[in-house]
Amino acid sequence: MISKSRLMSASAGLVLALAATPLMAQQTTLVIESWRNDDLTIWQQTLIPAFEAQHPDIKLQFQPTAPTEYNAALNAKLEAGSAGDIITCRPFDASLALFEDGALADLTDLEGMGNFSDVAKSAWSTDDGAQTFCVPMASVIHGFIYNADAFAELGLEEPTTTDEFFAVLDAIKEDGTYIPLAIGAVDQWEAASMGYHNIGPAYWHGEDGRLALIAGDAKFTDEEWVEPLRVLARWGEYAGDGYQAQTYPDSQNLFTLGRAAIFPAGSWEISLFEEQADFALGAFPPPIPAAGDTCYISDHTDIGIGLNAASTNAEAGRTFLNWVASSEFAELYSNALPGFFALSNGAVTLENPVANEFVSWRENCESTIRPTYQILSRGTPNLENDNWLHASNVLSGAETPEQAAEAIQAGLDSWYTPGMYE
Amino acid sequence: MAAAAPDEHKPARRWHIAVFLAPAVLVYTAIMIIPLFSTLVQSLFGPEGGQRVFVGLRNFQTLFGDPRWAASFWNALWNNTWFFIIHMLVQNPVGVLLAAILSNPSLRLRGFYRTAIFVPTILSFVIVGFVWKLILSPLWGVAPNMLDAIGLKHLFAPWLGQEGAALTTLALVSVWQFVGIPMMLIYAALLSIPDEVIEAAEIDGVTGAKQFFKIQLPLILPTIGIISILTFVGNFNAFDLIYVSQGAQAGPNGATDILGTLLYRTFFGFQLQQGDPNMGAAIATMMFLIILVGVSIYLFGIQSRMRRYQF
Amino acid sequence: MTAARSSLARSVAAHAILIAYTLIALFPVFVIVVNAFKARRDIFNTPLALPTPESFSLVGFETVTSQGNFLLYFQNSLIVTVVALACVLLFGAMAAFALSEYRFRGNTLMGLYLALGIMIPIRLGTVAILQIMVASGLVNTLTALILVYTAQGLPLAIFILSEFMRSVSDDLKNAGRVDGLSEYRIFFTLVLPLVRPALATVAVFTMIPIWNDLWFPLILAPAESTKTVTLGAQMFIGQFVTNWNAVLAALTLAIVPVLVLYLIFSRQLIRGITSGAVK
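Protein chains in written order, with our numbering: chain Y, 1 to 422; chain Z, 1 to 311; chain U, 1 to 279.
None of these hints come from the bench; they were simulated from the model. From the three backbone atoms N, C-alpha and C, an ideal C-beta is built for every residue, glycine too. Watch out, some of these pointers could steer you wrong.
[As the list claims (entries may be wrong)] Result set (BS3-like, lysine-lysine): computed pairs, CA atoms no more than 30 Å apart in a straight line:
hint : chain 1 : residue 1 : chain 2 : residue 2
1    : Z       : K214      : Y       : K173
2    : Z       : K133      : Z       : K153
3    : Z       : K133      : Y       : K173
[Claimed, not checked] For the chain Z half of the interface with chain Y, some residues (derived, Cβ under 7 Å), not all of them:
hint : residue
4    : G161
5    : Q249
6    : F268
7    : Q271
8    : Q273
If we strip away everything but chain Y, and leave its shape as in the complex, we get (with noise of 0.2 Å):
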């Protein structure tokens, strides 16, 4: 009895799925595949409007997967043939290795692709910069959110070098009403992605550094790539009671409550902090090492949008990443969204202050993107992850700086030969 009524719920469940096929024949949707969870709203509310207004023929599906697993269930989808029509991508090598399976479409020829610069097109290109599979959709940029009114009541300035930082820092603790950083060990890129590579292009000269590491011209052992984790190593006794069990989510409340003075942060977190924060926000950027040094920030290529090369809808998709790669999408992302950065190449007007705060610091600092992306996280041990673990070993001081940089880079010579990829 019972298997008989599951067999009609299986072939209801056909039945239906036939019926629905001559109604998508007159109206195409588009479902989009993401792990922007947090953009729910947005998209919901502001981008697909925007977009159905223009062409009411498609309909668009913002259907986000969290963070953690989004890369495992797109793909199990992809290789099951289930996946959205859309798919966003991660930057370089975990698209590109998307695109070698036939899983991305080639967008080289696509019309909007015209908009981007080489540069911004580079984190979802072959190596050979032939083809192109995603258009870039947004940057982000790192440095350091302040809480303004405690540093006004404090008398504290803006630090520019690792040494006022430090100050500051010293200055915060003994006044003992903040605790100095909001940062914590146990989520792990915490301490790579808002500490290690937030505050180490200073040290090793941003694309110059990154792109000897790739050549083998530099090592992780470098005094230039050690540097960066010693100053790391000291954030710990400025950071909060027990921070090495404190979470992401722990971090972000800890600051937005008013209880954390500095935040190392991603522009990704300005319009969360904007909403939640009751007192002023300031940024400013990852301190040089000495006075009279350039200064370097990481300016992330972080997301790009693509097409499943599966995808039976591939013209709406192609019409619909025309738009993304827009200046109208760009203007009405980076509002949206501030902290993040469009990347097209017409100018966009931005009304958030600290969204404008980040930008301007591309003008005095040179600009590089985070050191383990290109290339270098193409093998097993993968790089990013360890460069996680191992930073996050340093904050928490389970690893000494030269230990974290010695097990790093024996992590990438196991299987890293420099021109292995030519």
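Knowing the structure of chain Y, use the given hints to seat chains Z and U on it.
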């Protein structure tokens, strides 16, 4: 294959067997065995020149021969064993104790206790992970304040962030969540002991704790056996609690990495790490073999020797 | 006299242990529910305090009800759990009966075959399962989840039930056979009622992982119309990770229905588990 075997004693009835077995065997084979088998077979394949080709036992050689893989594997296996040991040492004795107290028929409010103690078992890992992280967080002060109230604040430490304490802490959280299951099963087993047996013991002057250890405990040993093997299988398949509370990297510094999280990271990939279905399948095969050995030891070594009492 | 005193002492000790453990069991649930009704700042400043008129806030619930369709998620979870559970119990009991009642060639082998599934997480077969569901058009249907959970629950159900069925007295069954009952009648009218306690045990074991599963809803049925409560709550936590009002409200909404169901059925459950015992 079931129906094909003629039974000398009941020749007329054998086709019923097929009918009884068919639905379970069909669903189970189609949705579970075939997919799992196709995964395990992957462990014998590997990428070579862009193609997936048969490589024999090479993935296993890598798993045990490459110092990195071997270190991760043995670390995960040991952590998993420790996770299991904590369950056996804490969950089952606590379950037995609670069941023994509850089985006293003159105890008031026992329906209430029984219901309350089982509540954590019905909560999802999402909830359990979130709430224990909140309680044990050094920042929000739930655990530190409570310890402070009884003058033990100096005992508090950020356990989930310490390499030495994180795994044990999570194992205890898992015990907290699942202790209801052994409690219920043992409770049922204790109630099924006939009153005459207990009365006879009391006439002989065997009461209290002595009665429990001399009379009841031997009678519920088969149940404890089943619970132990279920705990073993559950622990060596565990994944969710570690994943929701420490993430797929199972920090700090791999201290909470168990076979389930290692498998997940390897098979499906994590963050920038691409998934490697072949190595993942090799780890899955090892997990399968470990559990198979454990279950076989139980089935052939312990269960067959255990005396069953029929009332 | 002394006996009475010692029995009193023992009863006090028993209650003390049980109360202590009950507090440990319920405390985290208390923390979630209490804080769901408080303003964000108060959650962090006084996590253990009950909501007062000043700190009381329903803003979390407002966010949840405006964002997620928890009633629908709950309905989906309920359908999936109940139907899968029914299939597991029926198919599992039938197979267990066949294995424990009849001697046939391949019996042990079949028993081992059916037990293989408890030794390896079904999550590993994800890709192949998803391929099957795509091929049969079952992606984003509750049927897909029901099928997977039925397969997932069967091995353990058969393992436990066949253990229990071995202890059903042969005399009873043989008496039935003498009376001319068919094997099906014997199974459904004689054996099944006798193993009710075991069925209840299996039901508990099977139900919890189904209700709480995150992975298969995410892979097989992530559409809005087929989302389960656990997936809905997880998505919600991801989306509002620092908005703890909303997270705690979502968790409360995910706990309360299960809790109510459990309270309604716990009596049945206990009676089921112990019915064989209290003769």
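We went through each hint and held it up to the structure:
| no. | hint | verdict |
| --- | --- | --- |
| 1 | K214(Z) x K173(Y) | 62 Å, violated |
| 2 | K133(Z) x K153(Z) | 18 Å, holds |
| 3 | K133(Z) x K173(Y) | 26 Å, holds |
| 4 | G161 | 3 Å, holds |
| 5 | Q249 | 6 Å, holds |
| 6 | F268 | 3 Å, holds |
| 7 | Q271 | 6 Å, holds |
| 8 | Q273 | 4 Å, holds |
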